[in-house]
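Visitor: Taken in order, these protein sequences are the chains called P and Y. Note that the numbering used here has the first sequence beginning at 220, numbered continuously upward. Note that the numbering used here has the second sequence beginning at 7, numbered continuously upward.
It is worth saying that the hints were derived from the structure and are not from the lab. Note that CB positions come from ideal geometry on N, CA and C, so glycine has one too. Among the hints, erroneous ones may be present.
Chain P regions said to be covered by chain Y (calculated; three or more residues, Cβ under 8 Å) [to be verified]: (1) 309-318; (2) 421-432.
Simulated crosslink set (EDC-like; lysine to aspartate or glutamate; CA at most 20 Å straight-line) [claimed, not checked]: (3) Lys391(P) / Asp342(P); (4) Lys35(Y) / Asp220(Y); (5) Lys88(Y) / Asp360(P); (6) Lys637(P) / Asp651(P); (7) Lys88(Y) / Glu543(P); (8) Lys88(Y) / Asp78(Y).
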Amino acid sequence: MRPINGQAFANRDFVGARVVDPALGLDAVRTIVVRRGVITALLEGAPAATDADTERIDCAGMVLCPGFIDPHVHLREPGDTHKETLATGLAAAAAGGFTAVAAMPNTRPALDTAERVRRLRADAAALHGTRCYPIGAITLDRAGTDIAPLRSMAAAGAVAFSDDGAATRSLKALYNAARYVLDLPQAFLSHCDDPSFESGLVDAGDKSDLLGIAATPSVSEAAIAARDIMVAQATGKRWHLCHVSAAQTVELLAFARGAGINVTAEVTPHHLQCTDDLLAGYDARYRVNPPLRTAADTAAMRKGVADGAITIFASDHAPHATSEKEPPLSHACVGYSGLETAVGATFHALAGLNIATLVSNFSTNPAALLGIPGGTLAPGTPADITGLYLQHPWTVDPARFRSTGRITPFAGKTFEVKPALTVVGGAVLMRDGELHPDGVPRALASLRSPS
Amino acid sequence: MTKTRHLLDLDDADRPFIEALCTRARQFKAGLPNEHLRLRGAIVLGMFFEASTRTRISFATAASRLGATWIDFSTGASSLAKGESLEDTMLTVRAIGADAIVVRHSEAGFPHALARYFQGAVINAGDGAHAHPTQGLLDAMTLLEEFGDLTRRRLVICGDIAHSRVARSSGRAAHLLGMSVTLCGPPLLLPGSSPGWGFAQLTAELDPLLPKTDAIMMLRIQKERADGSEMPPPADLAAAYGLTEERARLLPPQAIIMHPGPVNRDVELAASLVRDPRSRIERQVENGVYVRMAALEQCLGQPARERAA
């Protein structure tokens with residue numbers, strides 16, 4: 220019985236790969252047996268025979284991991300479909316090796332009602348691609364003043380709450396919002412940047428001194444991080460800091476961990492390795508928030524990952540039309556297209572770090588943060604699998620992105636690690652760079668139905 | 007058309023470049039035959055998005071003296087203001103036949119953006135807090151006229167350093183000519199690390215500097231580039247960093263007083279010092295025309311008869 224257009228179930232054996240699952244403490248050659256979209260066994264050696272309903276996929280030379288989850292993407296629907304659509308964004312996710320993404324609520328209008336959350340889930344599910352989980356706004360229209368309908372958004376399927384794009388302006392609103400949904404599992408995700416510095420174009424430091432442009436210093440991030448960590452401590456709410464970029468913030472995370480505060484943090488591929496040198500010549504393409512900072516900051520990010528202060532990777536995929544990234548700098552939109560380079564760029568920046576940590580940060584830890592299925596290949600879980608080639612140098616060519624957004628700080632860079640396989644619910648979305656190699660997009664829709 | 011060269015900032019300039027332009031400017035000042043033929047037929051477009059009196063008129067005078075035609079681009083009524091992209095405006099300007107653009111804008115890096123799209127020469131007449139290269143050159147020329155060899159001479163730039171494009175360009179030009187440059191102001195308005203911009207000493211105390219100063223350049227507070235959360239009240243700053251008659255008495259006898267203008271009298275500079283014998287403020291303005299002639303000639307390449315050939 221072959222599956223039809225994603226509505227039925229996929230039976231596949233993934234054979235011959237090194238399988239790395241930190242959640243199981245596994246790093247060995249295994250066959251992943253998938254029946255009806257669910258992992259049923261991890262076998263030593265190949266199965267004796269494969270029946271007619273089952274496809275055998277040779278994965279020799281690959282590392283298979285629990286599906287990678289990007290907890291921080293901007294998919295631009297509704298409101299900015301010239302930058303990206305759900306279809307192009309989720310195609311980029313599949314191409315980049317991601318089996319699930321969480322979409323930030325800074326759409327137009329903002330994702331601040333149950334109806335919009337439900338709609339986004341349904342529209343994404345209809346694409347039968349990478350799973351897409353909505354994040355609801357904390358405050359109405361992300362304005363930072365009035366608490367959004369958090370409980371109905373949670374019921375509609377919001378997996379977390381954030382005013383991403385800005386810090387929640389009112390401390391009182393943030394504190395009360397956290398207390399309002401204290402009993403719900405959805406975490407609060409903070410964009411740490413003080414609103415009074417919103418005109419900043421680069422990091423404050425020698426570079427901004429020379430260029431003479433408005434700057435956002437590290438303290439703009441660290442002060443809000445400290446504020447929000449204090450709110451997490453005061454309320455007990457599960458908390459998470461988005462895209463940390465400043466060495467000072469990593470110090471705060473160490474403090475929070477020592478104090479037993481329930482807060483995690485993510486870092487982007489660019490904040491692991493790109494510095495404000497890219498802004499020399501006022502190149503508007505490289506404008507991003509938080510801004511690129513110094514080599515000392517990128518080193519602190521890498522050390523933060525190695526030390527366990529930072530436990531999650533996120534692309535902060537922020538696609539824009541190329542014409543929106545033109546000079547002058549103050550007119551340029553903020554952010555990079557990230558889904559198709561995140562895996563290569565992150566492994567590149569952290570070469571030498573053990574693979575179990577890298578896979579945890581790409582899969583197990585974001586799954587736990589968002590409370591979604593996946594993060595492990597344990598039998599009984601949906602067959603969401605990411606395959607990698609660890610030694611397969613490739614060069615970033617934005618012209619070949621599936622994303623509409625083509626601006627990346629990594630154009631022309633060569634990375635060693637390449638996504639080789641993206642499997643969602645047992646269906647193969649990407650293999651060797653080709654999307655839907657079976658010819659039919661047949662991934663299952665999101666398995667977590669609204670509660 | 008011969009190859010053109012932009013003048014966007016002095017960030018990558020070297021000593022021979024500064025010296026060559028200052029030398030040429032001094033030749034213009036001494037008088038060159040047929041100067042009005044040197045850029046005959048060239049069209050120079052002035053695009054001033056920020057208010058300017060002296061710089062705009064200085065450039066227009068320089069262009070006229072070289073025989074070029076100066077056209078004021080009316081920025082408020084332009085297609086840019088109506089939403090046309092910068093790239094399209096530049097294509098239009100080029101198609102119409104402008105050879106050079108002299109641009110001032112409140113945003114740092116704006117001339118660099120123009121230079122991406124415009125095939126002719128772009129001369130920066132001030133971009134935000136970043137650069138004002140012809141001011142740097144005219145200050146260099148004024149200092150060279152005054153002291154000859156500038157090696158180990160001491161320049162103090164005082165006031166609102168952070169928001170000053172003059173400090174960046176004039177400080178760098180003086181540094182390239184061998185001067186010891188000290189930036190003086192409250193820590194909020196100084197570069198964040200020392201040496202500032204890679205070459206300048208930093209200090210928050212003015213008085214101890216004065217007896218060891220050869221030239222002091224006073225800056226006005228750039229209120230247009232900072233709000234009350236970024237800048238102290240002017241009177242507060244002036245009390246600590248204004249050049250009063252009393253402070254001027256601490257300067258050595260040969261020291262000169264400079265100011266890029268416009269002066270806020272009795273704020274950063276005592277009114278009585280504006281026309282003091284030590285003041286070179288008028289000289290700076292005068293020299294501005296000659297360095298702009300040199301800059302226009304440099305950027306537009308060749309004398310007119312060769313350009314026409």
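Visitor: Give a verdict on every hint.
Guide: Comparing the hints with the structure gives:
1. Here the stretch 309-318 of chain P counts 0 residues with a CB under 8 Å from a CB of chain Y, which misses the bar of 3, and the coverage is violated.
2. Residue count for the stretch 421-432 of chain P with a Cβ under 8 Å from a Cβ of chain Y: 8. That meets the three needed, and the coverage hint holds.
3. Between Lys391(P) and Asp342(P), the direct Cα distance comes to roughly 34 Å. Violation of the 20 Å bound is thereby established for this hinted pair.
4. Note on Lys35(Y) and Asp220(Y): the hinted pairing is violated, with a Cα-Cα distance of about 24 Å set against a maximum of 20 Å.
5. Simply put, Lys88(Y) and Asp360(P) have alpha-carbon atoms about 29 Å apart, too far for the 20 Å limit, and the pair is violated.
6. Distance check on the hinted pair: Lys637(P) and Asp651(P) sit about 9 Å apart at the alpha-carbon level, within 20 Å; holds.
7. A hinted pair counts as satisfied when its Cα atoms are at most 20 Å apart, and Lys88(Y) with Glu543(P) qualifies at roughly 17 Å.
8. For the proposed pair Lys88(Y) and Asp78(Y), the alpha carbon gap of about 18 Å is at most 20 Å, so the pair holds.
Checked against the numbered hints above, the structure violates hints 1, 3, 4, 5; every other hint is satisfied.
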